[in-house]
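Participant: So you can see what is in the structure, the chains are spelled out below.
Protein chains: 2
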Amino acid sequence: MNYIKIFSPATVANVSCGFDALGLALETVGDTMTFSKTDTKGVKITKITGADLPLDTQTNAAGVVAIAMLEKQPVDFGIDITIHKGYTPGSGLGSSAASAAGAAFGVNQLLGDIFSPLELTQFSMLGEEATCGTPIADNVSAAIYGGFTLVRSYEPLSIVKIPVPADLRVVAIHPQVEVKTKDAREVLPKEVPLKDAVTQWANVGGLISGLHTNDYQLISDSLIDIIVEPARKTLIPHFDLVKKEALKAGALGAGISGSGPTIFALCKDDATAEIVYKTIQNAYQDKQIDFNMILSKINTEGIKILEQH
Amino acid sequence: MNYIKIFSPATVANVSCGFDALGLALETVGDTMTFSKTDTKGVKITKITGADLPLDTQTNAAGVVAIAMLEKQPVDFGIDITIHKGYTPGSGLGSSAASAAGAAFGVNQLLGDIFSPLELTQFSMLGEEATCGTPIADNVSAAIYGGFTLVRSYEPLSIVKIPVPADLRVVAIHPQVEVKTKDAREVLPKEVPLKDAVTQWANVGGLISGLHTNDYQLISDSLIDIIVEPARKTLIPHFDLVKKEALKAGALGAGISGSGPTIFALCKDDATAEIVYKTIQNAYQDKQIDFNMILSKINTEGIKILEQH
Numbered sequence: 001m002n003y004i005k006i007f008s009p010a011t012v013a014n015v016s017c018g019f020d021a022l023g024l025a026l027e028t029v030g031d032t033m034t035f036s037k038t039d040t041k042g043v044k045i046t047k048i049t050g051a052d053l054p055l056d057t058q059t060n061a062a063g064v065v066a067i068a069m070l071e072k073q074p075v076d077f078g079i080d081i082t083i084h085k086g087y088t089p090g091s092g093l094g095s096s097a098a099s100a101a102g103a104a105f106g107v108n109q110l111l112g113d114i115f116s117p118l119e120l121t122q123f124s125m126l127g128e129e130a131t132c133g134t135p136i137a138d139n140v141s142a143a144i145y146g147g148f149t150l151v152r153s154y155e156p157l158s159i160v161k162i163p164v165p166a167d168l169r170v171v172a173i174h175p176q177v178e179v180k181t182k183d184a185r186e187v188l189p190k191e192v193p194l195k196d197a198v199t200q201w202a203n204v205g206g207l208i209s210g211l212h213t214n215d216y217q218l219i220s221d222s223l224i225d226i227i228v229e230p231a232r233k234t235l236i237p238h239f240d241l242v243k244k245e246a247l248k249a250g251a252l253g254a255g256i257s258g259s260g261p262t263i264f265a266l267c268k269d270d271a272t273a274e275i276v277y278k279t280i281q282n283a284y285q286d287k288q289i290d291f292n293m294i295l296s297k298i299n300t301e302g303i304k305i306l307e308q309h
Numbered sequence: 001m002n003y004i005k006i007f008s009p010a011t012v013a014n015v016s017c018g019f020d021a022l023g024l025a026l027e028t029v030g031d032t033m034t035f036s037k038t039d040t041k042g043v044k045i046t047k048i049t050g051a052d053l054p055l056d057t058q059t060n061a062a063g064v065v066a067i068a069m070l071e072k073q074p075v076d077f078g079i080d081i082t083i084h085k086g087y088t089p090g091s092g093l094g095s096s097a098a099s100a101a102g103a104a105f106g107v108n109q110l111l112g113d114i115f116s117p118l119e120l121t122q123f124s125m126l127g128e129e130a131t132c133g134t135p136i137a138d139n140v141s142a143a144i145y146g147g148f149t150l151v152r153s154y155e156p157l158s159i160v161k162i163p164v165p166a167d168l169r170v171v172a173i174h175p176q177v178e179v180k181t182k183d184a185r186e187v188l189p190k191e192v193p194l195k196d197a198v199t200q201w202a203n204v205g206g207l208i209s210g211l212h213t214n215d216y217q218l219i220s221d222s223l224i225d226i227i228v229e230p231a232r233k234t235l236i237p238h239f240d241l242v243k244k245e246a247l248k249a250g251a252l253g254a255g256i257s258g259s260g261p262t263i264f265a266l267c268k269d270d271a272t273a274e275i276v277y278k279t280i281q282n283a284y285q286d287k288q289i290d291f292n293m294i295l296s297k298i299n300t301e302g303i304k305i306l307e308q309h
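Order-wise, the sequence lines are chains A and B.
Going letter by letter, the first sequence gives residues 1 to 309 in my numbering.
Going letter by letter, the second sequence gives residues 1 to 309 in my numbering.
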């Protein structure tokens, strides 16, 4: 294979109760990336469209990942990468993760598919570390494995793929405000009351069980975050309004996507998702803040090959 | 129905990562209780064998529960209760819970089966409150529902029954030392680092997923408690030794049952459970502390009717 074109999905990390542990991948939002073998050794990012991001391979998540992979597995060819960002970086939908995971997947294909999904996740985490300061795995694992993923452990890295009810839909609103990852981290409590931690892990257990059994009521009941959301929602204009309207319109739950500012809602089917979409849209219309809306299935297969030769 | 004889199981609460949220019921250890209609209104505990416990219905967990039920549903008969404790109170295997849940179940049968399992759990929690000071639901829900149960929420009370791999076995050792519930509560941290809470809820998610998919490796990897066990194990003589020997002998995981002093180990089948049983027994033999050993299947149906007429 000399060329591959792929789609790497946007991802929602945390998913309410599962801070730093859960992620899910979107079907219709993500990056399109190409990877071409070249005669000149090394990695080059030759073009980025859709967003203003560095072509420099030392600072771009995709570049960092690709270089690390070629260091691990030296080859006699080079790789040119192009990236089309399908959504805005800084939205809280795992933008750097999509590029990092896409690079891990694409480069691995050109190398002859020699790395496991877990190894691809580990390479992708280097991209997260380079761009966000932390080698966090929740977004990249969701992009690579698809569906819901649980980062069960970091040492050793252990990713669990959780089944997804087929009709589950994600509605999301991205208010065009900047939430710096640094600020989003700084508002977090360093310590939490044990009883709150118990409440949170009981909900994580409920959510995981609900996903395994297609129990929408249980999923809905468990989509509660009493630890991170109360701290972070202050950074997101009209969060409470959006959440309230989404729930009133029938969403199973709503919360902050990653570190925000995107707010996501999970819905049990297309019809509900469309109502939730319009309700949120209406509620935000007069708020003097530009915003994008998303309605998506959940991507269950991870990164997709669009073309190869 | 004028008479019913039931078996109410012993239970392991917490199950490593799931402090105050998870419980499981044992097949072969528990209380045998009888409930007889009488002409004299009110509740009497006429006999307790197997342990030295109060017959007074205001202080005995079973009495407290039965009285609350008859207050809620007045009837023109009375109820006599007998209890045979099949194991030692104060062992950390839900002794008061077995009596409380057994009473809820038995009285409900004499009332014509008018309460749901959730309502029976709520009544049972009154027995826990009266005897332990806290209306905790993890043991009583496991006794009533059977199998693994998750107390997802207290307000409102929400119990989730989690499936159990058929071959799963419990080995437990009860060192005959007293661990006061008060002490076991006092050693707990009031606050925990957020990153430790994340580790813990990731393991809860992994354990629940592993139980749903019969994934013994995932169950084993997830049976980790970095919050409560390090604090409480100091109250249990030779805890580290027992855990180390259990794991070396092939147990999936081991931890403190409830607030101790019983130490439980989960094993993937009978053969492993027998090896783990003998290994723990040998390790404790020369420790100058009397102890009981248990090897049990997991009770998947909850409280059982032994006789009725």
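If you're looking for bench data, these hints aren't it; they were derived computationally from the structure.
Any given hint might turn out to be false.
To be verified - Now the in silico label distances, taken between C-beta atoms and shown as ranges:
(1) Gln58/A with Lys180/B: 35 to 43 Å
(2) Asp269/A with Thr40/B: 28 to 36 Å
(3) Asp167/A with Lys304/B: 51 to 59 Å
(4) Asp269/A with Leu188/B: 37 to 45 Å
(5) Gln176/A with Leu118/B: 32 to 40 Å
(6) His84/A with Thr213/B: 52 to 60 Å
Unchecked claim - Below, in silico cross-link-like pairs of lysine-lysine (DSS-like), each with a Cα-Cα straight-line distance of 27 Å or less:
(7) Lys161/B with Lys5/B
(8) Lys161/B with Lys190/A
(9) Lys233/B with Lys190/A
(10) Lys297/A with Lys248/A
(11) Lys244/B with Lys268/B
(12) Lys233/A with Lys244/B
(13) Lys5/A with Lys44/A
(14) Lys287/A with Lys180/A
(15) Lys161/A with Lys268/B
(16) Lys195/B with Lys190/A
Glycine residues also receive a C-beta, built at the ideal position from the N, C-alpha and C atoms.
Participant: For every hint, state whether the structure bears it out.
Facilitator: These are the hints, each one checked on the structure:
{"no.": "1", "hint": "Gln58/A with Lys180/B: 35 to 43 Å", "in the structure": "violated (59 Å)"}
{"no.": "2", "hint": "Asp269/A with Thr40/B: 28 to 36 Å", "in the structure": "violated (57 Å)"}
{"no.": "3", "hint": "Asp167/A with Lys304/B: 51 to 59 Å", "in the structure": "violated (38 Å)"}
{"no.": "4", "hint": "Asp269/A with Leu188/B: 37 to 45 Å", "in the structure": "holds (43 Å)"}
{"no.": "5", "hint": "Gln176/A with Leu118/B: 32 to 40 Å", "in the structure": "violated (46 Å)"}
{"no.": "6", "hint": "His84/A with Thr213/B: 52 to 60 Å", "in the structure": "violated (37 Å)"}
{"no.": "7", "hint": "Lys161/B with Lys5/B", "in the structure": "holds (25 Å)"}
{"no.": "8", "hint": "Lys161/B with Lys190/A", "in the structure": "violated (33 Å)"}
{"no.": "9", "hint": "Lys233/B with Lys190/A", "in the structure": "holds (25 Å)"}
{"no.": "10", "hint": "Lys297/A with Lys248/A", "in the structure": "holds (21 Å)"}
{"no.": "11", "hint": "Lys244/B with Lys268/B", "in the structure": "holds (17 Å)"}
{"no.": "12", "hint": "Lys233/A with Lys244/B", "in the structure": "violated (44 Å)"}
{"no.": "13", "hint": "Lys5/A with Lys44/A", "in the structure": "holds (16 Å)"}
{"no.": "14", "hint": "Lys287/A with Lys180/A", "in the structure": "holds (21 Å)"}
{"no.": "15", "hint": "Lys161/A with Lys268/B", "in the structure": "holds (22 Å)"}
{"no.": "16", "hint": "Lys195/B with Lys190/A", "in the structure": "holds (8 Å)"}
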